[in-house]
Amino acid sequence: SAAARRPWRLFGAMCLLRLPRITQPLEKEEEEVAALMEQIELERSLYSDHEMRKLEEEEQLKKKMESLYDEDEARGKTVIMAQDLEEKWEQKFLRFKAAPRITDADKSNDRTSLNRKLDSNLMLLVKQKIGNQELWLLPQVEWQPGETLRSTAERAMATFLGDHIQAKVLGNAPYGIYKYKFPKAIRTENNVGAKVFFFKAFLQSSDLSQAQLKADYLWVTKKELGDYLQSEYLKKVNRFLLD
Amino acid sequence: DALLASHRSYRSRPTHGIGRFKYLLPKEVPKRRKEKVQMKEISAGTEYQYGDLNIQMTSHDLCLVEHFAQYVHRLCNRLSIRVNESYAMPTKTNEVLFLEERGSKMQLDAVLTTHQRVVQIRGLSSTFAPILLEVIQSSQPEGVHLLMKQHTEADFKSRLKARPELEELLAEMS
Chain A
1 SAAARRPWRL FGAMCLLRLP RITQPLEKEE EEVAALMEQI ELERSLYSDH EMRKLEEEEQ
61 LKKKMESLYD EDEARGKTVI MAQDLEEKWE QKFLRFKAAP RITDADKSND RTSLNRKLDS
121 NLMLLVKQKI GNQELWLLPQ VEWQPGETLR STAERAMATF LGDHIQAKVL GNAPYGIYKY
181 KFPKAIRTEN NVGAKVFFFK AFLQSSDLSQ AQLKADYLWV TKKELGDYLQ SEYLKKVNRF
241 LLD
Chain B
1 DALLASHRSY RSRPTHGIGR FKYLLPKEVP KRRKEKVQMK EISAGTEYQY GDLNIQMTSH
61 DLCLVEHFAQ YVHRLCNRLS IRVNESYAMP TKTNEVLFLE ERGSKMQLDA VLTTHQRVVQ
121 IRGLSSTFAP ILLEVIQSSQ PEGVHLLMKQ HTEADFKSRL KARPELEELL AEMS
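Chains as they are written, first to last, in my numbering: chain A, 1 to 243; chain B, 1 to 174.
Derived from the structure by calculation, the hints contain no laboratory data. Please note: incorrect hints may appear among the correct ones.
In silico lysine to aspartate or glutamate, EDC-like type, Cα no more than 20 angstroms apart, as pairs [claimed, not checked]:
1) A:Lys92 / B:Glu165
2) A:Lys54 / B:Asp109
3) A:Lys195 / A:Glu154
4) A:Lys92 / B:Asp109
5) A:Lys97 / B:Glu142
6) A:Lys88 / B:Glu100
7) A:Lys92 / B:Glu95
8) A:Lys88 / B:Asp109
Kindly produce the complete structure, drawing on both the sequences and the hints.
And the structure:
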């Protein structure tokens, strides 16, 4: 009996997360402990094959210098010495350049790019019109009878980002719910308020080359959510966000 | 007399069998060498529970992978998820050869070892599974690949060693 149910309108919202790509920097104590453990390990460790070879060859060289005669020149001497190998490896290492941890987008604080904070979760926020207000929200779309809430959330994502998004929704259960009543002016018998169900999805690939339908979108971290969301909404959203 | 062993109590002595105790212990079943195949349980409905799940962690760095496996195991203990087994697959060694073709052909070798650890879980409810996955995903260290799949017989069989002699004999027989 659908008529006897409460007159709430249902929305499905999708919280699209981009997982961090780099580990977060260590705390001061963690760094100290890590350095200490490394030192202990180094002092306790034994020589590896390469190091033994290097030591032996150094001794042979010394002997060669001191005593100017060599009994067996090609006794066991290989073409390549361990020292040469090490120098080669050092040069290779110096030539290698790691990608920068703080990218350009970080420096310019460009909140629409995905290359920003690489060590924390980024969430998609979209500007939507609700009633007569333009608000920053997680993308949401109204629920049509006959479809699951999860597909509503996926549809919300598709409307804002295009069809071919490689996002993975993990389960069928929603993560949170936010309900609010409409202001008395709009309230009717069948339309007391709305309930928004939140779902989470993880971005698999960071390649968003498809055109965005709505121009106002942002990728924000959990701390920056407070700049954009309303307080009640923010409270409910913060409940299911890990940091 | 040397012929008579004077310390042995023979059957007419009242103290015969004074030190016997093995008849008091519970009977030991002789250990079977063949292991039984696992059980799977899927119950559909509102309480949807996964059967046996395997969380496989692969990496080149041994310490990282082991510590991560320990972390996952302890996390499941704390969240009272039953962990069936936590085992390691044999390590695979890869030799990387660089063929430099400038002038003389040099071959520089590098030896890479790939380690894999598996944590087997049972009784994960479907409402909790995405949360657990998210926690594990967000605490993944660098360089560790994570794979979560359902446990199958093929996975179980991959741990066992093939027996060529047995197979030969079987082939000869049939």
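Status of each hint after checking the structure:
{"no.": "1", "hint": "A:Lys92 / B:Glu165", "verdict": "49 angstroms, violated"}
{"no.": "2", "hint": "A:Lys54 / B:Asp109", "verdict": "17 angstroms, holds"}
{"no.": "3", "hint": "A:Lys195 / A:Glu154", "verdict": "17 angstroms, holds"}
{"no.": "4", "hint": "A:Lys92 / B:Asp109", "verdict": "14 angstroms, holds"}
{"no.": "5", "hint": "A:Lys97 / B:Glu142", "verdict": "18 angstroms, holds"}
{"no.": "6", "hint": "A:Lys88 / B:Glu100", "verdict": "14 angstroms, holds"}
{"no.": "7", "hint": "A:Lys92 / B:Glu95", "verdict": "19 angstroms, holds"}
{"no.": "8", "hint": "A:Lys88 / B:Asp109", "verdict": "13 angstroms, holds"}
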